[in-house]
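Peer 1: Chains as they are written, first to last, in our numbering: chain A, 1 to 563; chain B, 1 to 563.
There could be a bad hint or two in this list.
Since the list can't tell identical chains apart, any single copy or any two copies may satisfy a pair.
SDA-like, lysine to any residue: derived pairs with alpha carbons at most 20 Å apart [claimed, not checked]: (1) K539 x D551; (2) K57 x Q118; (3) K197 x I154; (4) K539 x L528; (5) K489 x V510; (6) K139 x A503; (7) K508 x Q408; (8) K550 x R530; (9) K527 x K539; (10) K527 x G290; (11) K450 x G290; (12) K550 x D534; (13) K125 x H361.
Just so you know, these hints were derived from the structure itself, not from any lab.
This one's a predicted model, so the numbers in the text were calculated from it and none came from an experiment.
For reference, the chains in residue letters:
Protein chains: 2
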Amino acid sequence: MSHFVLGLDFGTNSVRCLVVRVQDGKEIATSVSTYKHGEEGILLDANDPNLARQHPKDYETGTETTVREALAQAASFENFSPDKIIGIGVDTTGSTPLPVDRDGIPLAYQEKFADNLQAMAWLWKDHTSFEEAAAITEKASREHPEYLAKCGGIYSSEWYFSKLWHYLKQDSELAEATYAWVEMSDWIPGFLTGSLKPENLKLSVCAAGHKGLYCEDWGGYPAAEFLSGLDARIPELMSHVPNKAYAVDTPAGVLCEEWAGKLGLPAGIPVAVGAFDAHLGAVGSNIQPGTLIKILGTSSCDMIVAPNSMNLADIPGICGIVDGSILPGYYGLEAGQSAAGDVFNWFVNEIVPGGKDLGSHESLTSGAEALKPGESGLLALDWNNGNRCVLVDPRVTGLILGQTLHTQPAEIYRTLIESTAFGARVILERFEEYDVQVGEIINCGGIAEKNPLVMQIYADITGRPLKISRSAQTCALGAAICGAVVAGKDRGGYNSFAEAQAAMTGLKDVVFTPILENQNVYNRLYKLYRDLHDAFGTKSWEGNLHHVMKDLLEIRDGARVTG
Amino acid sequence: MSHFVLGLDFGTNSVRCLVVRVQDGKEIATSVSTYKHGEEGILLDANDPNLARQHPKDYETGTETTVREALAQAASFENFSPDKIIGIGVDTTGSTPLPVDRDGIPLAYQEKFADNLQAMAWLWKDHTSFEEAAAITEKASREHPEYLAKCGGIYSSEWYFSKLWHYLKQDSELAEATYAWVEMSDWIPGFLTGSLKPENLKLSVCAAGHKGLYCEDWGGYPAAEFLSGLDARIPELMSHVPNKAYAVDTPAGVLCEEWAGKLGLPAGIPVAVGAFDAHLGAVGSNIQPGTLIKILGTSSCDMIVAPNSMNLADIPGICGIVDGSILPGYYGLEAGQSAAGDVFNWFVNEIVPGGKDLGSHESLTSGAEALKPGESGLLALDWNNGNRCVLVDPRVTGLILGQTLHTQPAEIYRTLIESTAFGARVILERFEEYDVQVGEIINCGGIAEKNPLVMQIYADITGRPLKISRSAQTCALGAAICGAVVAGKDRGGYNSFAEAQAAMTGLKDVVFTPILENQNVYNRLYKLYRDLHDAFGTKSWEGNLHHVMKDLLEIRDGARVTG
């Protein structure tokens, strides 16, 4: 008999529902619902480009719409019926916290706060709290350096406590009405299971660990004396949520009657604890020790796990190391690049917007494909959106050098691709320097799906065969796998992620294999990239760059001769 | 009674004739004739992008056409008649040498060589001799470092002996037929004065000094033993031209009967010794000690003079220091940038070719004008065509840094302009470091004529008021001034350049004055430019560039706040 699970994937602009067959991971139905409020689901403030909020109601109505639509689609699949759904998993963006009252109801639902942007969910990419972030980094580095060691050395304006602190300064009436500050990844399983009271939430260790400085080494969330040093009201707010967080093999509860009715499902289906989208994307791509998952889109996320029995050092420049944040029993390590596809999009949309023939991705890709490694004489740093890893520095910028009076857009385009691949190699090498070995690399996301040129360049530059995840919706698939695990074998699911992933994930046939002669050229270019990377990115570098342009010309001349 | 002079300006694609009134420099007629052979007057080889030749016949027919046309125009000017022309001056490109027989007749005129590209004039920008140039540099630095000290430390593939040496390797029949290797700047006054025999040429010290390693300090041209080390045939060829060169106050002779007939002028008019276009452009812009002339076009030439009584050190990184090459009695110092307008043209024509609305000079200029200094956060090195001064290094390339995902084409465009201005400031400071003081700066050329944005940025970055030469044809005007000086006061001209320039040159009303607040920002940016310049351009630099991107962001944030 077939069983099915639901994966709910709450992205930046929309929520997706995926219906997956448990036995083999077949995706039998999928639907997407864009959030209704704001621009593409995001509430903006014309006076403050840092502000990005969401209306929590959209999470509820989006869930209802997309689940009903997916179920309607699935209805025509043989052997499917809603009562064969045995588990539900949830992934969300984050840190995306929202203020709630003592019943866990968003303050945004109160009439007096209905138009108050401060009362909404603070979307992950809201950067209004940059001053608070810097102050937290400064204070933690002085008082609790161990807090920062697990999150790459810098506390971000995107994260839970920066946002909470800033929030409390905005509107005293709102601050007073606030009972708790709840991550979206906890609040959604909360309403699905009818357990919204903050004290009763089953917190996600993925969210708390990566964004909330939560770690069992120091007893969970940061010490009250540290938090009261930010704002005296924070310790009380934190006392209203549990000081205990869980991995995704833990059920948050079961689908409540109310939501069962709304969704057209039987009540009682286990709902897994939430996690962030990238982390469950890694699960949907079959992450396991020794396998690096790269989620390649506008930015990149690099996820890997290491047994939590291992004596893992803090790895400088890796964004987060959290026990259980990806798979239970393993440290989840998160790294990534603040821009990948966004750099190519910038070049196409802003710099060469000459339309389809002149400056489209298609025409530039075709020009770039015709070039050999090194042939352009160009080299770039991929820092147009700062550097997330391993420099952890938002105050760095893009660089390109080697231009002549003949340099063409397609040459720049290829060079920008190469620069992100060099950045990826830096991360890969950092993992291995700290004994986290990378045996296999599986890629997913828009670029992995659609861009063979980028994938081949990444293979040539990293020197690794690159595989592609079979699913085009690995985040939602990962959430669905959590549903299968919290269901357990007895109800038709699985007892472990290893079993569930083995059955439900897979690879595409294509593998991008490094081409030796390209690798040789790229190894020379990578040395030069490292020179620039270290010269502009680190304080400790000392040296001279006189050779860089000359070496590039020599490599270029060599590439042209062998043409 | 009014007197007039002719200035003949032999450019890369055409020859211009300017008729000028001696008393006040009024330009009463001007005409241009494009050379007839090749593409826009240049003979090319599809198999060799380095090759650029010209047919010497074009110099003769071009002279005839353009002088006759100018005289026809002038005929309607009151008080003008051809017999009131008292002197002729000539400027040409260079080094543009050609092979001639013992009568000074180009070998290209012989039927058997009529289609032989090697028999033509080797245009200044012919780079086929790059290997010979490197070998000459290497040999001279070993055996005669003093030769290189006067020409910036590197002998160029564009110059006289590189071309001669390469020429001799090409075609043995042609080499055997060759009696002398004559600069175009000597050959043209030669035919005008009916004195083409190589032994009788009055050589230009501008050409010989800047391109032929000629200097009276070591007895004129390089020693025969040095030249025979290149090719054993060179000393004999050199023995057929005088080992004595002259400044432009020397008459090459007088207009001969034959050419008087061709041009419709009386015979006997004094013709000045030739010089290069940029040098006479400086004369036409009223160069004098303490006045820097900047000729700003696709590339830039920076010309200044210093009394030859002064004990002038060799200035590292200045292209040429030649006694009398601009004004008699003064060292002529030539510096410059290998690309200026060419960098802006590259960006517009190659990178953002989106047509008039998207990526024209006009639209980018208008976008760039709206920006404040530092507001883009960008910084560039202006080395897309190498660096002529002060690094004297063709093996460096362009660089731009500071890009974000929001960087716009107009920001890049302004940054490229600024980069060339920073490069100009480096040259200015180098002159002054070696006691060549710059009191006044006068600009001419296409950019000075037409681009107020560029001129204001140059003023702000150099911190100097920038004046613009009155004439739009300063090279031809400078040649005409030479005509007035070789005529002398008794015939209605002048006895000195000082008198002639005072009467015949002038300034436009506009002066670009530095704006203090812009200067302050640009002084900060210039420090960063120097860091990049020295880090990538010199072997001796040691340091760290970690501050560069951060300082740029700080400057940017400051500029935006004050907006």
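Peer 1: Are the hints correct? Go through all of them and say.
Peer 2: Do the hints match the structure? See the list:
no.: 1; hint: K539 x D551; in the structure: between (24 Å within a copy, 14 Å between copies)
no.: 2; hint: K57 x Q118; in the structure: within (15 Å within a copy, 81 Å between copies)
no.: 3; hint: K197 x I154; in the structure: neither (32 Å within a copy, 79 Å between copies)
no.: 4; hint: K539 x L528; in the structure: both (18 Å within a copy, 16 Å between copies)
no.: 5; hint: K489 x V510; in the structure: neither (32 Å within a copy, 86 Å between copies)
no.: 6; hint: K139 x A503; in the structure: neither (47 Å within a copy, 73 Å between copies)
no.: 7; hint: K508 x Q408; in the structure: neither (34 Å within a copy, 38 Å between copies)
no.: 8; hint: K550 x R530; in the structure: both (16 Å within a copy, 19 Å between copies)
no.: 9; hint: K527 x K539; in the structure: both (18 Å within a copy, 18 Å between copies)
no.: 10; hint: K527 x G290; in the structure: neither (26 Å within a copy, 47 Å between copies)
no.: 11; hint: K450 x G290; in the structure: neither (25 Å within a copy, 63 Å between copies)
no.: 12; hint: K550 x D534; in the structure: both (19 Å within a copy, 14 Å between copies)
no.: 13; hint: K125 x H361; in the structure: neither (26 Å within a copy, 37 Å between copies)
Checked against the numbered hints given earlier, the structure breaks hints 3, 5, 6, 7, 10, 11, 13 and satisfies all the rest.
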